[in-house]
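> Sequence:
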Amino acid sequence: MAGRTQLTAARAVTLVKDPSGAPAVDLAKVRESGHVDLAKRADKAGLALSRRGLGGIRAQAMLVLDHSGSMRADYKSGAVQTLVERALGFALQIDIDGTVPVIPFDTSILPTVDVTVDNYSGVVDREIHRGWMGTTNLADALSLVLAEAEKTTAPIFCIVVADGGPDSKRATTKVVCELSRFPVFLKLLAIRPVDYFQTLDDLDGTKRLLDNVDTKSSTPELDLLTCTDLQFAEAMADEWDTWVAAATAAGVLS
1 MAGRTQLTAA RAVTLVKDPS GAPAVDLAKV RESGHVDLAK RADKAGLALS RRGLGGIRAQ
61 AMLVLDHSGS MRADYKSGAV QTLVERALGF ALQIDIDGTV PVIPFDTSIL PTVDVTVDNY
121 SGVVDREIHR GWMGTTNLAD ALSLVLAEAE KTTAPIFCIV VADGGPDSKR ATTKVVCELS
181 RFPVFLKLLA IRPVDYFQTL DDLDGTKRLL DNVDTKSSTP ELDLLTCTDL QFAEAMADEW
241 DTWVAAATAA GVLS
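The end of the sequence shown is residue 254 by the UniProt record's numbering, with every number in the run present.
Keep in mind that the hints were calculated from the coordinates and are not lab data.
Heads up, the beta-carbon is just placed ideally off N, CA and C, and yes, glycines get one too.
You may find that some hints are simply not true.
[Unchecked claim] Label pairs and their computed distance ranges (CB to CB):
no.	residue 1	residue 2	range
1	Ala28	Thr82	20 to 28 Å
2	Thr228	Gly134	28 to 36 Å
3	Thr14	Leu225	30 to 38 Å
[What the hints assert, rightly or not] Below, a list of computed lysine-lysine pairs in the DSSO-like style, where the Cα atoms sit at most 30 Å apart:
no.	residue 1	residue 2
4	Lys207	Lys151
5	Lys76	Lys40
6	Lys207	Lys174
7	Lys29	Lys17
8	Lys169	Lys207
9	Lys151	Lys216
10	Lys169	Lys216
11	Lys216	Lys17
12	Lys169	Lys76
13	Lys169	Lys151
14	Lys216	Lys174
15	Lys17	Lys151
16	Lys151	Lys174
17	Lys40	Lys216
Take these sequences, add in the hints, and give me the full structure.
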């Protein structure tokens, strides 16, 4: 237990909730601009969050997106675009600026693309999926999230979309453990089951300050691409409430 006692919060941010439970973005305006399906997804996110006592919660949404060669078919089929749209729908409920910075990565880190209501349609083919696809350097991508966590004024809800294990499990695990000291919740979405993601979910409590990971894998029981919007929202919200409680107790949130 000696390693466990040395883990302390690196910094704290204030958790903000709108007491009315209202979404972060005015969904009436989203509907008026013609994005009805997006607004419906945000509505379902609100329902899933309220069931966990998280109605009106505010956070900075981020998406770390695997661009490795094994994902080629998922980009071509539109699966990645679908997940980006679903992530944006969830973000409209929690992120006041309605923007999801998408960090694509393969062997290197690709330019970040800010996805919003105004540009989400076709954004993957237009701005993210270009040219050569490399390996899975997840550790460096999460290091960018860590850099943001060192200066954020709000909790970060970080979504990771991938289909396989990283180039370096050791380096990735190290970053995930360091992130546990910051106000960052990691939602790992595996297009196909990834054993390593479940390993991160189940990491020994002596290695990190608190449980900061929840993994959801696309399976016949819960296909992340074809499940209902409410099922997707429930999967996204799952365990965030327990992280909020643990992060508050650990001094990561105030």
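> Now, for every hint given, state plainly whether the structure supports it.
Hint check:
no.: 1; hint: Ala28 / Thr82: 20 to 28 Å; verdict: holds (25 Å)
no.: 2; hint: Thr228 / Gly134: 28 to 36 Å; verdict: holds (34 Å)
no.: 3; hint: Thr14 / Leu225: 30 to 38 Å; verdict: holds (36 Å)
no.: 4; hint: Lys207 / Lys151; verdict: holds (23 Å)
no.: 5; hint: Lys76 / Lys40; verdict: holds (26 Å)
no.: 6; hint: Lys207 / Lys174; verdict: holds (9 Å)
no.: 7; hint: Lys29 / Lys17; verdict: holds (21 Å)
no.: 8; hint: Lys169 / Lys207; verdict: holds (14 Å)
no.: 9; hint: Lys151 / Lys216; verdict: holds (28 Å)
no.: 10; hint: Lys169 / Lys216; verdict: holds (18 Å)
no.: 11; hint: Lys216 / Lys17; verdict: holds (25 Å)
no.: 12; hint: Lys169 / Lys76; verdict: holds (27 Å)
no.: 13; hint: Lys169 / Lys151; verdict: holds (26 Å)
no.: 14; hint: Lys216 / Lys174; verdict: holds (21 Å)
no.: 15; hint: Lys17 / Lys151; verdict: holds (20 Å)
no.: 16; hint: Lys151 / Lys174; verdict: holds (20 Å)
no.: 17; hint: Lys40 / Lys216; verdict: holds (22 Å)
Comparing the model with each numbered hint stated earlier shows that all of them hold.
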